[in-house]
Amino acid sequence: MHIKFTQNFIISLSKIILLALVCLSSSAFSQTSWNFNGAMQGWEGSNYSKATAGESYVTYEITGRSPYPNFGTIGAKIDTKAYKYISVKLKNLSSNKRLQIILNRNSDLKTEYIPFNNLSSNDSEFKTYKIDLSKNRGWRNTINDITLRFRTSLGSEGVEAGTVLIDHIEFLGEGEESNQDPTSKISKKLNEKPLNFVHIIMDDLRTEGLSVYDDSEMITPNIDRLAREGVVYKKAFANFPSCGASRASILTGLRPTPTRFTRYDARIDEDAPGISTLPHYLKDNGYITVSLGKIIHRRGDTDDAWSIPPWDAKYLEGNRSSYMNYSKEENIEAYVTSCKKRKICSPSGSGKGPAWESNDVPDNQYIDGKTAIAAIETLEQLSAADVPFYIAIGFVKPHLPFAAPTKYWDLYDRDKIELSPIPDKPKNAPNQAWHQSGELREWYDGIPDVPDRWIDNVPLDIAQILRHGYYAATSYADAQMGKVLDALDRLNLSENTVIIFTGDHGFSLGDHTLWNKHSLFTLATQSPLIIRKPGGEMNKSVPGVVEYLDIYPTVTELANLPRPEHLEGESLANTLIDAEADTKPAIYTRYHAGENIHTDRYSYSAWFNGGRITEHMLYDHETDPLETVNVVNDPDYKSVMRDLQKRLKAHIKQRDQRAARLR
Numbered sequence: 001m002h003i004k005f006t007q008n009f010i011i012s013l014s015k016i017i018l019l020a021l022v023c024l025s026s027s028a029f030s031q032t033s034w035n036f037n038g039a040m041q042g043w044e045g046s047n048y049s050k051a052t053a054g055e056s057y058v059t060y061e062i063t064g065r066s067p068y069p070n071f072g073t074i075g076a077k078i079d080t081k082a083y084k085y086i087s088v089k090l091k092n093l094s095s096n097k098r099l100q101i102i103l104n105r106n107s108d109l110k111t112e113y114i115p116f117n118n119l120s121s122n123d124s125e126f127k128t129y130k131i132d133l134s135k136n137r138g139w140r141n142t143i144n145d146i147t148l149r150f151r152t153s154l155g156s157e158g159v160e161a162g163t164v165l166i167d168h169i170e171f172l173g174e175g176e177e178s179n180q181d182p183t184s185k186i187s188k189k190l191n192e193k194p195l196n197f198v199h200i201i202m203d204d205l206r207t208e209g210l211s212v213y214d215d216s217e218m219i220t221p222n223i224d225r226l227a228r229e230g231v232v233y234k235k236a237f238a239n240f241p242s243c244g245a246s247r248a249s250i251l252t253g254l255r256p257t258p259t260r261f262t263r264y265d266a267r268i269d270e271d272a273p274g275i276s277t278l279p280h281y282l283k284d285n286g287y288i289t290v291s292l293g294k295i296i297h298r299r300g301d302t303d304d305a306w307s308i309p310p311w312d313a314k315y316l317e318g319n320r321s322s323y324m325n326y327s328k329e330e331n332i333e334a335y336v337t338s339c340k341k342r343k344i345c346s347p348s349g350s351g352k353g354p355a356w357e358s359n360d361v362p363d364n365q366y367i368d369g370k371t372a373i374a375a376i377e378t379l380e381q382l383s384a385a386d387v388p389f390y391i392a393i394g395f396v397k398p399h400l401p402f403a404a405p406t407k408y409w410d411l412y413d414r415d416k417i418e419l420s421p422i423p424d425k426p427k428n429a430p431n432q433a434w435h436q437s438g439e440l441r442e443w444y445d446g447i448p449d450v451p452d453r454w455i456d457n458v459p460l461d462i463a464q465i466l467r468h469g470y471y472a473a474t475s476y477a478d479a480q481m482g483k484v485l486d487a488l489d490r491l492n493l494s495e496n497t498v499i500i501f502t503g504d505h506g507f508s509l510g511d512h513t514l515w516n517k518h519s520l521f522t523l524a525t526q527s528p529l530i531i532r533k534p535g536g537e538m539n540k541s542v543p544g545v546v547e548y549l550d551i552y553p554t555v556t557e558l559a560n561l562p563r564p565e566h567l568e569g570e571s572l573a574n575t576l577i578d579a580e581a582d583t584k585p586a587i588y589t590r591y592h593a594g595e596n597i598h599t600d601r602y603s604y605s606a607w608f609n610g611g612r613i614t615e616h617m618l619y620d621h622e623t624d625p626l627e628t629v630n631v632v633n634d635p636d637y638k639s640v641m642r643d644l645q646k647r648l649k650a651h652i653k654q655r656d657q658r659a660a661r662l663r
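The numbers in the sequence shown follow this note's numbering, run straight up by one, and end at 663.
Among the hints, a few may not be true.
[What the hints assert, rightly or not] Listed below are the simulated DSSO-like cross-link pairs for lysine-lysine, each with C-alpha atoms no more than 27 Å apart in a straight line:
| # | residue 1 | residue 2 |
| --- | --- | --- |
| 1 | Lys234 | Lys584 |
| 2 | Lys646 | Lys427 |
| 3 | Lys97 | Lys127 |
| 4 | Lys649 | Lys584 |
| 5 | Lys234 | Lys646 |
| 6 | Lys427 | Lys352 |
| 7 | Lys193 | Lys84 |
| 8 | Lys407 | Lys425 |
| 9 | Lys427 | Lys193 |
For the record, the hints were derived by calculation from the structure and aren't laboratory data.
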């Protein structure tokens, strides 16, 4: 039965895989480094020259003059915006002391870098030449072909017969050094298969309640399993506590600002046009990129980032259970009837249904079960093809409504589920820190109204049902992730696949009177991050603060790709080798007029109006980890507050100036 859900998708994927295999077999597609140890790596000699692969270098022989002896490769497809140098290691046994490097954008337009005129001749040993490309970067394009010419002077007659032994050719960014020492571990890694990436996102997942975050309320054996096999980031934060904006920030590597990524339905193509997203960048560098489930919030946003159109069970024709992810017919009907009254009726429309649902049905009767099936079938296709891939898998749970098969509800005894230990507002906290929990109250039935939504929580019996539902939905999503992990093991993909597991932000379950996200309290901004890297640290944790903005640069470093210039995060790759490695001193998140800086110990938030701070709050997590007392006006914290405020203002100024330059 499940085949019909994905057969068109799999057919499209098969075509893309076939195309990728053709590209990979016919060229040096997407490489930026060639180490000629026993292989030509897609390069060849032409025009009165020939090249022969030796055990550790290529012997390039120039046998005549015209027309221009060349040593080159085709199909390189390199985005030169990310590079400043070309490094060439060679032993020049000829009298040609001039090296021209020609980069070809298409069949009829060539771009020639300024020639390098200082080759030594008749070398007794290999030498590395780091050639600066920055003087000729006005065109800044993706190139297709690379050609090296060894000459004595310009013109077809400026060539002498001779031999050059070439060890490696490599593109380097600013400040990078060559990794091509043939005895180094890094050099060996560059000759291995590229790593694959599986990025799993669970919607609205908080850290509280997860055993890997020192709390065992929720039953999540597969999150626990991944933590044992990888690195847990104990203080990872989303950069905006709302779905669309957070996901847009993750995939672009850009920070949300007052004018960029400001809403739950933020669009990348509107707020950051022309920016290469993570999947698009990997796609341009030879990866097959696949989107399954909820990854980007808005349908149709940056679809060209993916090798095939994104797949989402919510939009499958005839899939009535997709409506807000109910499976009971009466709940589907209630939702459809409600949204028709609002004249917006679609899987992402504006109807109202119950805030929770338990139904004794198989996992694939809900969206996440279908997504897990699609992920497994996709992995089966890709494993047979043996091509590098990046798959983003978005599970919609535990997002409202808290709907899951009954067996996951049965994992918990509702009477033993504890309610929030902090149901009231923090002492001295500003009004700007609050909202009326509108997502829960306005979009779902069964939530009794209260006299004052600003201060009153939901009734205790309803709060306990909601918390039970959140736990059940989380356990259900965890089980679907487990199926994906099992498939990776069964298909022998785990040994070469990096797994990145995240939420998109945190979630409040009656804490501080709040439900949902949409605040700058740590419960709404902190969310899980676990990374499993083959050969990396296992069962370790990183205690320092990191942010979801760091995911994009981490992937590019692990993929041995240059860092795109627009990225604003920092790679976490070093912590996957050494979990005790230092992380950044602070992270920054924001929500509407509010801005936040979070260090290892403190969380400081400020609300601005016309550049002036109107309200602020400060919490000391060493003495008050649940954020129950705002100490911003406490004399003992005056110097701390001033320091954090100064750092936050400096960050905002720098961030907004950088954003303005990207427009």
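Against the structure shown, which of the earlier numbered hints fail to hold, in ascending order? 6, 8 and 9
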